[in-house]
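**Q** Single-letter residue listing:
Number of protein chains: 2
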Amino acid sequence: MNVNSFLRCKTPDLWLEQAEDNLSVLLIDHANCEKKAASTALNLMYRHVDQTEMILKLSKIAREELRHFEQVVSLLKDRNITYAQLSSSRYAGELRSGARTHEPARLIDVLIISAIVEARSCERFSRLIEVLDDELAEFYQSLLKSEARHFLFYLNQAEKIADGEAIQDRIDLFLEADERLILTPDPDFRFHSGVPVT
Amino acid sequence: MNVNSFLRCKTPDLWLEQAEDNLSVLLIDHANCEKKAASTALNLMYRHVDQTEMILKLSKIAREELRHFEQVVSLLKDRNITYAQLSSSRYAGELRSGARTHEPARLIDVLIISAIVEARSCERFSRLIEVLDDELAEFYQSLLKSEARHFLFYLNQAEKIADGEAIQDRIDLFLEADERLILTPDPDFRFHSGVPVT
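If you read the protein sequences in the order shown, they are chains V and H.
The end of the first sequence is residue 198 by our numbering, with every number in the run present.
The end of the second sequence is residue 198 by our numbering, with every number in the run present.
The shape of chain V in the complex, shown without the other chains:
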């Protein structure tokens, strides 16, 4: 499964232009996203102690996300950008609001949403590489590979937990939500924000 054929839409050029003009916000929000990705993995490790193989894999993913977090924070430091508090993008919260609340449906939905967030991050990195300076482009190129691995892990893990039950309707539902959040106007520029309001 390829990230670009999985997602329903590409990042709009207008977002990319906005990213070039708001590099500090992009990097701060990116640091927050890595921290959030580690938290999500850790939360799943708390809720599902019976899934030994899954929690071992999630712990490794959390360590990778924390390593990326450290790399982004070091970049902020090198560039004299203050790591200020920044409100979250609407993106992850709105995706998560569609998750069912009973198990194992909740777990399946959270895994699908995590797969989509990783896929979208991967797609954004590949677009950003076109416009960023060499240091950032090289860094984002290296992250792209891990995000693609994480995407596949989350998607396969959702299939495993579903244990033969079809989950394509859930994947479609969250892919549609992702498409809407990426292609509709969004007042707040963030790593996963929609089209800039002009």
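It cannot be assumed that every hint is accurate.
Pairs count within a copy or across copies, as identical chains cannot be separated in the list.
[What the hints assert, rightly or not] Calculated pairs, BS3-like style, for lysine-lysine (alpha carbon to alpha carbon, straight line, at most 25 Å):
| no. | residue 1 | residue 2 |
| --- | --- | --- |
| 1 | Lys77 | Lys160 |
| 2 | Lys57 | Lys10 |
| 3 | Lys77 | Lys57 |
| 4 | Lys60 | Lys145 |
| 5 | Lys60 | Lys36 |
It should be emphasised that the hints constitute simulated quantities derived from the structure, not laboratory data.
On the provided structure of chain V, position chain H as indicated by the hints.
**A** Quick look at chain H alone, frame taken from chain V:
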């Protein structure tokens, strides 16, 4: 600063005897403690984005704790011990209940408490090494060194945040609480529990 001269008391022999008889509970609770230590570091990273050097160090500590978590879960798997849900010990919760709630006092207290939890873990590992089988003894010997490093980091970080203000009265307060929790009867055997109820 040495862990044993820092703490007010040693682990009682009765606890050690109980640990030998409850190896499964000890290992499961130990896995939970490593996960909890990673969460505590991550929570501090969320609250204090302005402390760049501290959050970089905390992120590295969280990665180490997660690595230990994976090692304990792998040991559980090798020994056919089911990683079941297990209630927390009274220890960390009661220590945390003494933390002040305004900043930077809250941060100073949480750092001191974290230092004490790491020191106590370190002391328990060194006692456990006397009675456990070779594989576990070797593993705990390796953890001992990281916990001692974490202990020193948390203690020094509390001093740094206090910025010259005396914190010995806070350290004394939490060391007394640790001593009470370790030396008084405790109905639930856990990694940080008190004296067994006979």
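**Q** All hints, please: hold or fail.
**A** Going through the hints against the structure:
1. Lys77 to Lys160: Classified as between: cross-chain Cα gap 20 Å, same-chain 41 Å, threshold 25 Å.
2. Lys57 to Lys10: Cα proximity of Lys57 and Lys10: none, with 29 Å in one copy and 36 Å across.
3. Lys77 to Lys57: Classified as between: cross-chain Cα gap 14 Å, same-chain 30 Å, threshold 25 Å.
4. Lys60 to Lys145: both (15 Å within a copy, 22 Å between copies)
5. Lys60 to Lys36: Result: close both inside a copy and across copies, 15 Å intra and 16 Å inter.
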